[in-house]
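There are 2 protein chains.
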Amino acid sequence: MITANSNYQKLSSSYLFVEITRRINEFTATKTHSQIIRLGIGDVTLPLTPSIIEALHQGIEDMATSKNFKGYGPENGYLFLRKAMAQREYGDLPVDIDEDDIIVSDGAKCDVANFQELFSQDITIAIPDPVYPVYVEANVMAGRTGEFSKGRYKGLTYLDAHMENDFLPPPPSEKNIALIYLCFPNNPTGAVADHALLTKYVNYALEHKALLLFDAAYCHYIAKESTLPRSIFEIPGATKCAVEFRSLSKTAGFTGLRCACTVIHDDCRIFSSKSEEIPLKPLWLRRQSTKFNGVAYPIQRAAQGAYSEQGWHEIQGQIAYYMKNAEIIRKAFSPLPDYSVYGGVHAPYIWIETKHDSWELFTRLLHETSVVVTPGAGFGQNGAHAIRISAFNDREKVTMACSRITERL
Amino acid sequence: MITANSNYQKLSSSYLFVEITRRINEFTATKTHSQIIRLGIGDVTLPLTPSIIEALHQGIEDMATSKNFKGYGPENGYLFLRKAMAQREYGDLPVDIDEDDIIVSDGAKCDVANFQELFSQDITIAIPDPVYPVYVEANVMAGRTGEFSKGRYKGLTYLDAHMENDFLPPPPSEKNIALIYLCFPNNPTGAVADHALLTKYVNYALEHKALLLFDAAYCHYIAKESTLPRSIFEIPGATKCAVEFRSLSKTAGFTGLRCACTVIHDDCRIFSSKSEEIPLKPLWLRRQSTKFNGVAYPIQRAAQGAYSEQGWHEIQGQIAYYMKNAEIIRKAFSPLPDYSVYGGVHAPYIWIETKHDSWELFTRLLHETSVVVTPGAGFGQNGAHAIRISAFNDREKVTMACSRITERL
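Going line by line, the protein sequences match chains D and C.
Heads up: the first sequence begins at 16 in this note's numbering, then just goes up one per residue.
Heads up: the second sequence begins at 16 in this note's numbering, then just goes up one per residue.
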């Protein structure tokens with residue numbers, strides 16, 4: 016008899032953004048409403064820049080000729096892209112990362128979800144709360160948690176992020192954590208860890224033979240003049256105990272193109288059950304070469320276009336545009352009594368703490384203003400009285416959404 | 016301490032095609048040699064057809080404008096593509112499949128490798144031998160097998176395919192198998208099951224509450240005039256107990272573009288540990304919406320282009336071209352004493368049985384003729400004295416490879 020993976024039944028509900036879409040559809044089907052403005056899921060809206068479009072067209076022309084046609088590519092990505100990624104993502108940072116440390120993929124979400132497959136079933140895991148749900152749910156599906164109860168999964172260690180610690184939780188007090196998920200600039204809170212905090216995490220990992228999975232999908236939203244760390248690899252010792260995920264989704268508007276990378280230094284190690292060191296990179300390459308078949312060639316060319324001199328310049332304009340949106344949202348909410356505004360300075364997400372239940376506030380904003388935000392509860396217990404607002408939208412819509420909301424709240 | 020998934024250590028060797036590449040590189044680096052002709056990995060060589068190229072360019076132009084820009088798409092694929100897939104893949108067959116049964120992905124390899132996640136850890140599995148290694152290795156990584164010993168993994172049931180049964184093994188004699196992997200037209204042997212054999216498998220699955228995973232990646236290589244089944248869903252009852260994987264990789268030259276689909280009917284069921292029926296489709300959608308982020312929009316447009324009237328016509332020309340290659344290869348080997356030729360009639364793979372050890376023959380052909388084939392042993396114990404030759408290459412190279420080989424053997 017073919018039986019189901021019973022861990023799926025533990026999942027608290029449908030994937031957050033699927034549930035939000037369901038509620039929007041229910042609302043729009045039954046009520047008259049103004050134009051819906053989506054500040055929820057955090058999807059880019061600006062069209063791809065000219066350098067990217069040109070690189071795509073050229074990549075496609077290659078596919079039209081016998082001479083330049085490309086079938087299966089290298090499992091870890093084309094060298095031209097890995098070189099461009101290493102240079103542009105890490106070239107200006109004090110880190111020891113090169114093209115051989117880069118493994119190209121079709122998204123940080125897939126990578127961060129699949130990465131846990133490399134570890135044994137019984138590892139202990141620490142996850143921030145609030146958190147991007149994928150980190151948790153991938154481990155629930157893999158059977159590494161108990162049941163969902165009172166907003167949390169049994170068997171996980173939660174790193175509490177809240178107003179009292181500026182959403183920057185310290186490393187766990189427990190000494191037996193094996194795997195720690197981190198994301199800075201943070202989704203959903205917009206908080207950014209400084210060198211001192213990240214050093215504590217790296218030292219924890221080195222001391223306790225743990226591994227850090229560091230999601231840096233939003234690193235290019237840190238303002239140029241800031242000295243905040245862009246990469247976990249800026250911290251001494253991190254190459255040995257950390258994996259970093261980077262993505263072009265929010266950096267270059269690739270949510271509809273799909274290109275990202277996982278970065279693993281040769282020094283990075285995990286352990287056998289007998290405490291022998293095992294190099295991590297070959298395990299991920301083995302996983303990817305068996306279960307993945309690479310990123311489309313024209314998309315890899317597009318990514319190369321994004322990393323070009325001109326392409327990178329164009330992208331900075333898009334990031335500035337979204338960050339201006341963030342500023343507008345921050346300014347709209349800041350004067351409101353009973354709402355505390357976080358994030359939106361070095362991150363495209365604004366996190367707003369309230370006294371209201373987050374799904375109730377989500378519903379109220381949807382019904383009264385036709386604006387979609389993300390209920391904080393979708394990110395964990397600590398989001399129960401918060402909403403996340405995304406800065407990814409057209410200026411006009413952001414302004415309209417803000418004026419609708421401030422009129423009502 | 017962060018410990019490794021010890022199941023990876025059970026993997027018999029590196030992924031087959033990675034190992035082949037390693038051996039080729041070793042050879043080319045140390046020996047003088049003629050131009051290497053690769054009839055190994057089975058990668059298409061013809062450039063994308065004009066309809067696909069045009070659809071790609073148009074898709075990219077959409078991404079260049081605010082009005083038509085696309086970010087995250089629907090998790091199961093754009094409706095325009097699911098409709099085109101349902102119509103073109105199934106419209107002419109006596110099956111009950113529509114666009115809601117189609118879940119678009121970036122490759123049949125990924126899908127077939129990831130699909131086992133939906134099942135409980137202790138299911139019994141039957142896998143043909145020889146077989147596409149990914150079916151096996153995904154289950155090894157997931158811990159569903161014992162150690163590798165004498166060419167086989169303990170804990171798996173093997174369906175022996177060999178000359179005596181024309182590479183068409185009957186369903187297992189054991190009555191407790193939960194999951195059966197099938198692939199017709201077969202990779203690597205090129206064998207194609209008829210309605211009678213597939214009916215036996217479907218009846219087995221219905222009777223024993225099993226599930227069939229049916230890899231139909233090569234179904235469009237079945238000659239037009241043939242009455243052989245193109246889909247498992249042609250068999251009565253299959254919608255309830257089978258999942259089908261289809262791919263544009265070999266159909267339309269998409270190995271470098273990445274687009275495929277998994278097809279699950281609403282009737283398809285698996286079971287809880289208490290034997291209650293559980294619909295399968297929502298589980299796969301949940302897996303994909305959590306761990307995958309869709310196929311690039313321009314690639315989905317390209318697939319739509321392939322399924323257009325003109326696009327489909329163009330593709331038939333490519334399939335005919337590769338099948339002519341298959342005929343040439345069959346004709347070259349058929350007269351040779353000590354070599355028995357299979358496949359290559361309704362499939363792009365030619366399977367050649369010999370008296371030689373398959374890795375030895377691989378090495379001999381590489382060193383003496385600079386032609387790369389795939390050693391049968393890479394597909395299982397029953398391939399120990401066989402090689403697989405792929406029909407995917409330029410005519411000129413196929414002809415040259417055949418004349419080099421026939422001169423030597």
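Certain hints may be false.
Copies of one chain are not kept apart here, so a pair can be met inside one copy or by any two copies together.
[Unchecked claim] Taking lysine to any residue pairs in the SDA-like style, the calculated list, with each CA pair at most 25 Å apart, reads:
| hint | residue 1 | residue 2 |
| --- | --- | --- |
| 1 | LYS25 | ASP137 |
| 2 | LYS370 | GLU189 |
| 3 | LYS255 | GLU342 |
| 4 | LYS169 | ASN20 |
| 5 | LYS412 | VAL360 |
| 6 | LYS289 | SER241 |
| 7 | LYS82 | GLN131 |
| 8 | LYS169 | SER349 |
| 9 | LYS239 | HIS400 |
| 10 | LYS255 | GLU411 |
| 11 | LYS165 | TYR219 |
| 12 | LYS85 | GLN73 |
| 13 | LYS169 | GLN331 |
| 14 | LYS98 | ASP137 |
| 15 | LYS239 | PHE32 |
| 16 | LYS289 | LEU61 |
| 17 | LYS85 | THR36 |
| 18 | LYS82 | GLU69 |
I should point out that these hints are in silico values taken from the structure, not numbers from a laboratory.
Model, not experiment: these values are computed from the prediction.
Worksheet item: Which earlier hints can't be squared with this structure?
Response: 2, 3, 6, 7, 8, 9, 10, 11, 13, 14, 15, 16
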